[in-house]
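Student: Required output: the full structure, derived from the provided sequences and hints.
Numbered by this note's numbering, the letters in the sequence shown go through residues 1 to 132 in order.
Calculated directly from the structure, the hints in this document are not laboratory data.
Among the hints, a few may not be true.
[Said to hold, decoys possible] Only pairs whose alpha carbons sit at most 25 Å apart, straight line, appear in this in silico DMTMM-like list of lysine to aspartate or glutamate: (1) 102 / 42; (2) 30 / 42; (3) 102 / 57; (4) 30 / 46.
None of these values were measured; they are calculated from a predicted model.
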Amino acid sequence: MERYFSVAIVTLLCSLMIFGMALTVARTHKRTGVLAPTMTGDPLLERTIRAHSNSVEWLPIFLPSMWLFAIYWSAPWAAALGLLWIIGRIVYFIGYLSAPLKRYPGFFIQSFAAFALLFGALGRIIFLMMQG
Numbered sequence: 001m002e003r004y005f006s007v008a009i010v011t012l013l014c015s016l017m018i019f020g021m022a023l024t025v026a027r028t029h030k031r032t033g034v035l036a037p038t039m040t041g042d043p044l045l046e047r048t049i050r051a052h053s054n055s056v057e058w059l060p061i062f063l064p065s066m067w068l069f070a071i072y073w074s075a076p077w078a079a080a081l082g083l084l085w086i087i088g089r090i091v092y093f094i095g096y097l098s099a100p101l102k103r104y105p106g107f108f109i110q111s112f113a114a115f116a117l118l119f120g121a122l123g124r125i126i127f128l129m130m131q132g
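Tutor: In structure tokens, the structure reads:
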């Protein structure tokens with residue numbers, strides 16, 4: 001199990017990131033005066049909610065891909081790409097809050113990391129299946 005400590009830490013850092021984004025949504029509700037459950041009416045609130053929701057939507061792609069990459073390829077590389085994904089999501093979140101078009105650099109960073117994990121794991125699994 002020690003082999004996967006780095007991937008486990010990245011998984012928990014991902015959870016902390018999502019929690020931090022949720023807190024930002026709550027603070028933005030309060031700051032804008034648009035209280036939950038209302039989710040529209042202020043552009044900053046709407047961008048904050050979308051940035052958080054978009055990050056949550058990527059979790060089913062990112063987390064299994066990172067873990068399968070770690071199992072079938074390399075835990076250190078999976079953790080490194082996982083950290084890159086988190087950095088990309090944070091850049092995305094901050095950019096989206098300031099202006100919608102500023103989300104793209106973070107989107108491309110996290111997309112690269114997620115797809116490297118996804119296709120790396122998929123390719124390795126297919127390769128191993130064909131071997132045996």
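Student: Could you run down the list of hints and mark each one as holding or not?
Tutor: Checked hints:
{"no.": "1", "hint": "102 / 42", "in the structure": "holds (18 Å)"}
{"no.": "2", "hint": "30 / 42", "in the structure": "holds (12 Å)"}
{"no.": "3", "hint": "102 / 57", "in the structure": "holds (19 Å)"}
{"no.": "4", "hint": "30 / 46", "in the structure": "holds (13 Å)"}
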